[in-house]
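Asker: Chain by chain, the residues run as shown.
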Amino acid sequence: MTTNGNSKPPVLVVLQLTGGNDYFNTVIPYTDGNYYDSRPSLQIPQDRVLKLNDELGLHPAMAPLKDKFEQGGMAIIHGVGYANSPRSHFRSMDIWHTCEPDTVGTEGWLARAIRDIDPESENPITAVNIGQGLPRALVARGVSVASVADLSTYGLLTSIEEEAQRTRMLERFANMYGPALGTGPVMEYLGQTGLDALKGADILKTAPDTYSSSVEYGASPIARSLRDVATIHTADLGTRIFYTQHGSFDTHAAQATTHAQLWTDVSEAITDFWDDLREQDADENVVMFLFSEFGRRVRDNGSGTDHGAAGVCFAIGPKVKGGWYSEYPETRAEALEQGDLVPNQDFRGVYSTILNDWMKLDAKPIVNGQFEAPQFIKTNGA
Amino acid sequence: MPNKEDIALMSHLMRRAGFGATRDEVERLAEQGYEETVEQLINPTAPPVDEFLLWRYHPITEVPGGAADPGQANWLYQMVNTERPLEEKLALFWHHVFATGNAKVDNCNHLLEQIQIFRDIGMGNYRNLLVEIAKNPAMIFWLDNNENHRNAPNENWGRELLELFSLGVGNYTEKDVFECSRAFTGWTIGAKMPRFPYGRFPWTFEYRPEDHDFTEKTFLGHTGNFNGEDIIDIVVQQPACSKFIARHLYNFFVADEPQVPAWNIEEPRDPEAVETLRETFVSSGLEIKPVLRTMFNSDFFKESTYQKVKSPVEVVVGTLGLTGDLAGPDPRLEGMGKEPGYMGQAILDPPSVEGWHTGKEWINSGSLVKRVNFVADRVSNTELPGVKSIIKRVAESNGSAMTAEALVDQCLDLMGPIEMGEHTRRELLSHAESEGSISWATEEDYARSSRRVGDMLALIAATREYQFG
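Chains as they are written, first to last, in the numbering used here: chain Z, 1 to 382; chain S, 383 to 851.
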């Protein structure tokens with residue numbers, strides 16, 4: 001895969017809004033009486049909604065994203081979800097991660113994508129998760145993903161404080177994992193894996209050295225995470241998929257302040273990230289995708305909102321065909337299911353667009369089928 | 383004093399039949415004798431972990447809820463603090479077999495209830511265990527038996543009972559799956575109360591005769607009006623069943639087998655050993671305890687040191703035990719419960735009903751970084767009580783001065799004892815030699831040498847050999 005010149009391979013940045021983002025108060029149908037009726041405590045007054053057209057607007061904390069939308073670089077995909085939402089964080093997140101709404105899936109959709117991108121596992125950092133552990137979306141047998149809690153301290157044997165000593169020990173590590181013939185297939189596999197791990201850590205370690213930017217990110221965790229993504233991406237190390245998350249969007253209570261703060265942090269971090277990439281001329285091959293495991297109950301509970309069904313997704317980037325996709329689900333009481341907005345866009349269709357049109361992979365085996373796919377990626381030359 | 387071989391063997395037993403033991407404990411047990419220790423493991427007399435202490439300091443780990451983390455912390459606490467190690471290890475074994483996950487169950491307290499069944503009767507009769515698991519609400523919900531109705535059978539539980547919990551693929555027909563499922567119609571959970579506004583109501587097992595299919599069934603060659611327990615009685619009489627469970631025990635406690643789905647194609651690596659376990663299992667009337675006794679006292683077990691890649695749970699719990707980190711209630715407990723998950727084994731939340739793929743599949747470059755760092759972080763921390771005690775033993779082993787080689791050998795002994803391949807050993811030795819000889823004479827020497835021991839332990843933790851247990 002070439003990474004030079006103007007044909008840089010496509011990169012995907014996934015930002016998971018963990019906890020169930022309240023779609024109804026994110027993209028607000030501000031002329032709809034049902035909105036005001038069902039949100040006695042949490043309604044955003046019409047004059048504060050950031051209006052995008054005659055009917056819909058964004059939460060007031062999302063001003064930077066309004067600009068993105070108006071500049072044509074942001075797609076808003078309505079009513080995303082799947083039938084029979086279980087309204088459980090864990091089950092729903094699992095479904096989004098594995099594309100298996102009916103059975104318990106074993107492989108993450110992005111892990112399958114990684115396998116297609118790098119079938120021989122040549123680059124140990126084809127995918128990088130910024131965070132603790134690994135989201136199930138990135139897990140499949142035989143697929144290696146680097147998981148970086150904090151880029152500045154990532155590596156092996158990080159508890160060895162004295163740097164020179166650590167360097168010596170890592171040299172030993174490399175020697176110990178080096179080819180040891182005749183020790184059996186498991187030891188040989190371990191040897192290769194250890195060298196891969198070391199290589200991945202070594203490659204990632206170089207990223208901060210080459211990074212310099214005039215953009216000053218905020219202090220929120222998501223700003224730090226996206227800065228790490230930008231650092232690794234601009235170092236051109238062949239990473240094709242980044243994953244990170246922010247939350248918790250599980251706003252059962254005190255939603256007004258919490259939700260505003262969450263979107264302030266996310267919107268600002270996203271803006272800083274894109275400014276950074278633009279400044280370094282590294283934005284053209286990146287698409288960012290935002291999702292949450294479900295939207296929330298239409299009627300508020302006096303202080304917050306409970307688990308719902310349909311949600312909203314965003315795709316952002318220079319190659320994104322900005323605008324509206326799918327339709328806002330009906331808000332009439334009779335049209336709701338158990339008090340929730342009914343999904344009208346299967347999430348696997350949204351993934352399909354990302355995989356087929358952006359990553360240039362075959363989506364069907366990755367998302368387990370064919371789904372209506374909203375065309376929010378610019379076609380070549382557009 | 384027990385000799386070196388006794389120490390090595392006892393360490394091996396305690397790693398496999400538990401989560402490892404400190405050298406002090408290994409010496410005490412070796413003194414007491416191997417077979418005596420096996421008996422003690424099988425018939426523990428120590429009290430169970432004091433859950434009231436957990437209640438008091440970590441109430442969130444005991445209350446009903448959807449998140450997996452509090453339940454994971456609860457189980458981790460029990461694994462670290464138990465004085466009945468085999469009981470706890472066997473609970474983990476059964477969790478590997480009856481893999482039930484919170485991603486769907488969404489009621490972690492009910493998963494803990496299932497683990498408690500494993501503790502309570504996991505060493506007893508396997509047929510009874512199957513019956514209890516068939517009635518366990520977490521399992522019923524996990525495998526949709528609450529959706530298995532007289533007029534609309536759901537085959538999820540019926541299939542996995544045969545495929546994953548008793549016989550293995552290739553030992554039944556699709557018709558058997560269907561008939562088995564019909565026999566379990568009406569085995570469900572009591573009415574699910576809505577969660578709001580009063581919170582979660584506990585699930586209970588409920589048998590509903592009006593939803594049970596009372597017509598005749600033909601299952602594995604037997605015909606009759608079978609109910610669920612009759613099906614289990616037929617299942618456990620199959621030769622495939624005893625072989626399947628014997629092989630599971632061998633795979634978990636003795637040496638890594640191929641992954642379970644391959645078992646009907648690939649023969650066991652040691653067919654004789656599996657057969658020995660199987661015979662004991664059958665002749666005892668499907669009791670687990672006699673099989674454990676036979677296994678731990680067998681030569682094939684005693685010769686199996688470092689034949690298994692450690693599972694993430696073994697890495698985490700073993701390391702906490704070795705270093706004396708996180709004993710008793712601790713503010714870090716709730717975070718620590720997630721550590722095995724970071725390495726690929728989220729307890730109470732396996733990736734699917736197939737459980738985890740084990741052996742070398744535990745390792746990939748991401749998980750290896752986590753494993754190595756988790757152990758190295760702790761063994762290089764010379765303030766931890768377990769590390770202090772290792773340092774003390776090293777210091778006292780050889781007078782006031784010692785060679786680099788003695789340092790390496792002492793550290794390898796106290797981290798296992800574990801033998802390194804020649805290639806690895808040479809690297810460890812060169813590292814130690816590059817830093818000269820070691821002295822414990824003055825306080826300053828002691829501090830500097832302690833540091834060197836910590837670094838050497840970290841380097842050992844980073845080796846390939848140390849990934850095995």
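In case anyone wonders, no lab produced these hints; they're calculated from the structure.
Among the hints, erroneous ones may be present.
As the list claims (entries may be wrong) - For each label pair, taking beta carbons as the anchor points, the in silico distance ranges come out as:
1) Z:D202 to S:Q619: 51 to 61 angstroms
2) Z:A63 to S:A644: 49 to 59 angstroms
3) Z:D362 to S:E387: 31 to 41 angstroms
Stated by the list, open to error - In silico DSS-like links for lysine-lysine, alpha-carbon gap of 30 angstroms or less:
4) S:K720 to Z:K199
5) Z:K51 to Z:K360
6) S:K774 to Z:K199
7) S:K671 to Z:K205
8) Z:K8 to Z:K51
9) S:K720 to Z:K205
All residues carry an ideal CB built from backbone N, CA and C; glycine is no exception.
Asker: Could you check the structure against the hints above and give me the numbers of any it violates, in ascending order?
Answerer: 3, 5, 6, 7 and 8
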